[in-house]
Amino acid sequence: MKIHEYQAKEIIRKYGVAIPKGEVAFSIGEAVKAAEKIGGSRWVVKAQIHAGGRGKGGGVKLADSPEDVREKAGEILGMRLVTHQTGPEGRIVRRLLVEQGIAIAKEMYVGITLDRQRSQNVVMASTEGGVEIEKVAAETPEKILKEYIDPMLGFQTFQARRLCFGLGLAGEALKNGVKFLLALSRAYDASDASLAEINPLVLTEEGHVLALDAKMNFEDNALFRHPEYESLRDIEEEDSFEVEASASNLNYIKLDGNVGCMVNGAGLAMATMDIIKIAGGMPANFLDVGGGANAQTVEAGFKIILKDPNVKAILINIFGGIVRCDRVAEGVVEAAKNVEVQIPIVIRLAGTNAELAAEILQKSGLRFLVARDLQDAAEQVTQAIAEL
Amino acid sequence: MSILVNKKTRLVVQGITGAEGTFHTKQMIEYGSFVVAGVTPGKGGTFYEGNEKDRFSKSIPIFNTVLEAVRKQRANTSIIFVPAAFAADAILEAADAGVKLIVAITEGIPVNDMVKVYEFIQKKKVRLVGPNCPGVITPGEAKIGIMPGFIHIPGPVGIISRSGTLTYETVDQLTRRGIGQSTCLGIGGDPIIGTRFLDAIKLFNRDKATKVIVMIGEIGGTAEEEAAEFIKAKVRKPVIGFIAGQTAPPGRRMGHAGAIISGGKGTAEEKMKAMRAAGIVIVENPALIGAAVENALKKTQRGKKGHGKGRASRMFSAAHKPSRKSKKLNP
Chain X
174 MKIHEYQAKE IIRKYGVAIP KGEVAFSIGE AVKAAEKIGG SRWVVKAQIH
224 AGGRGKGGGV KLADSPEDVR EKAGEILGMR LVTHQTGPEG RIVRRLLVEQ
274 GIAIAKEMYV GITLDRQRSQ NVVMASTEGG VEIEKVAAET PEKILKEYID
324 PMLGFQTFQA RRLCFGLGLA GEALKNGVKF LLALSRAYDA SDASLAEINP
374 LVLTEEGHVL ALDAKMNFED NALFRHPEYE SLRDIEEEDS FEVEASASNL
424 NYIKLDGNVG CMVNGAGLAM ATMDIIKIAG GMPANFLDVG GGANAQTVEA
474 GFKIILKDPN VKAILINIFG GIVRCDRVAE GVVEAAKNVE VQIPIVIRLA
524 GTNAELAAEI LQKSGLRFLV ARDLQDAAEQ VTQAIAEL
Chain B
172 MSILVNKKTR LVVQGITGAE GTFHTKQMIE YGSFVVAGVT PGKGGTFYEG
222 NEKDRFSKSI PIFNTVLEAV RKQRANTSII FVPAAFAADA ILEAADAGVK
272 LIVAITEGIP VNDMVKVYEF IQKKKVRLVG PNCPGVITPG EAKIGIMPGF
322 IHIPGPVGII SRSGTLTYET VDQLTRRGIG QSTCLGIGGD PIIGTRFLDA
372 IKLFNRDKAT KVIVMIGEIG GTAEEEAAEF IKAKVRKPVI GFIAGQTAPP
422 GRRMGHAGAI ISGGKGTAEE KMKAMRAAGI VIVENPALIG AAVENALKKT
472 QRGKKGHGKG RASRMFSAAH KPSRKSKKLN P
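Going down the list, the protein sequences come from chains X and B. The working numbering numbers the first residue of the first sequence as 174 and each following residue consecutively. The working numbering numbers the first residue of the second sequence as 172 and each following residue consecutively.
Quick caveat, the hints were computed from the structure, so don't treat them as lab data. Hints are supplied without guarantee of correctness; some may be wrong.
To be verified - Chain B is nowhere near these chain X residues, computed Cβ spacing over 12 Å in every case: (1) Q293; (2) I408; (3) E417; (4) Y425.
To be verified - Chain B regions said to be covered by chain X (calculated; three or more residues, Cβ under 8 Å): (5) 261 to 274; (6) 310 to 319.
Built from N, CA and C at the ideal position, the CB exists for glycine as well.
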């Protein structure tokens, strides 16, 4: 689960991470009020969307008077912000973060995430802040300092010290840096985050260490422990198809092609997408109906797939293990009648009671194209589209 | 022979009285797996024969703790059907109780729980398969998992996979060709899993009954690359590989928590390149995995006999009792 920068900052602040003074604003008026409340003579107006690269896209602007804040907030609020992470369609900006301007002495990077290879969380720091950290990691991996978090001990002070010395901090800045890192790791751990990234982490001219930006993702499997996160969710930042699918317990991801796919199991769903492409088609979506492929899930699946106007045919690929294919077939027949699907449906059912299932489909009176195997299914569905 | 599970496996089911646990325990007993105990805290001392929907053919003693199941029933393997919120604790309990193998079926265990579990099982030297996996089956001997037993037949092919139904698809392609499996292992689709490709490959490499290894990977992580390095250096058996998610876009999680291309890492292309470089036969089309395995088997047959005639089907029965010749072939 993704959240906004201002929400991430509120969370890490509770654990003692230093952040600039700031306020969220949903309107231009609120932005001006926020600036007045924060005080000072310099402000930053930042677009709040669930994607990085906002500065380059024109979503972060400096202002040096409340009037200027009004102007900049007017420019950003409602704009369609396109960054390297939003895709070409961009995102409409609906929220702003207004912050005090900071006199920056040095920009650095710190991030905490899971290192899958070691099955441990890792704190990464780099003097190369403010840029794409993936690029730094690829081109100059020696500039990324790492400290692995012992699962039994947690992140230790000596590790924070090692990182801060590595960042070239000294004196007061070193003390502040150590405090910052320890607090950030506490926030990461306690909030069941899958990512806590501060880029840039800044050293101010006064020697403070601050999170100028903050990105935090929560781990989806741990959301049940944090009912309070529900209020942090911004549905407008999520794909409406995907929100609807997850409400029906389906795992759906929209893609660009025209072959709608409905499959049980994530691996088989990906493999089905792959074979469609090999057969000359393009998948319109990833859709995993999970273990219980019954009439309700199939119906919900049809509805979601058909909302995408690009879909010209549907391929259903179910490998019945514990799920019986005859039950799935009955479900498909019922769902197809309820939803009145007008486009070709190719069905491949394998595994438990597959023959019985084929019979049910053929006797249904509906025009299903029954495929005998994976290859045949992919060929039939691309053929069906070619004939349209 | 086989890996991890066989006729001697003495199974304790954690979460046996839940709906999932009951259903699959019935299936496992019917397959012939040796279920010796169940654990449901608070129901110790009773016997369980299933519920109204799923009746067992025998009565299973229930214990409050895994430790009792190990002591009184000599359970050496545990399978876990406990809900995600309590599953990490269940794995820790099994590891502490002294079973040798834990198969965690549960989906959705928080990653931070698994970070601690992973550390603990390293210390305890117990093998964990999963979580979020279909389990392990040695056809004809034991089914410790939720896979449909009937699609499997005994034979010479070892299968390791990150996904459930895609494993079934692979097994089905083999069985239809008359090619059996030594052991099939679903390692799970989560970012942190107990047994990785590398671990499973090592086991299959040592197993005399396994003549060909099939590796079904998917996008995300670097576990396939890690295994490829080992295969290049140490494995002489033919390995067939497939990577699901060749068409998956970066940054989008494809169902499995682990299946995500992030920071340009974990693409299918990268994985296939590393695997090819290790001498693994890469199948790009998932419908052709069975054919590729058949080819590889024919080649090993030819290699053994010194001429090109061997019909694949003939050697499958031979695979059950490995000959001295096969020992020489796979030192």
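Going through the hints against the structure:
With a least beta-carbon separation of about 6 Å from chain B, X/Q293 fails to lie farther than 12 Å from that chain, contradicting its non-interface assignment. The claim that X/I408 lies off the interface holds: its Cβ sits roughly 18 Å from the closest Cβ of chain B, which is beyond the 12 Å cut-off. The claim that X/E417 is not at the interface with chain B holds, since no C-beta of that chain comes within 12 Å of its own (minimum 17 Å). A cut-off of 12 Å between C-beta atoms contradicts the statement that X/Y425 is not in contact with chain B; the least separation is 10 Å.
Residue count for the region 261 to 274 of chain B with a Cβ under 8 Å from a Cβ of chain X: 0. That is fewer than the three needed, and the coverage hint is violated. Counting residues of the region 310 to 319 of chain B whose CB lies closer than 8 Å to any CB of chain X gives 3, which reaches the minimum of 3, so the coverage claim holds.
Against the hints set out earlier in the document, violations occur for numbers 1, 4, 5.
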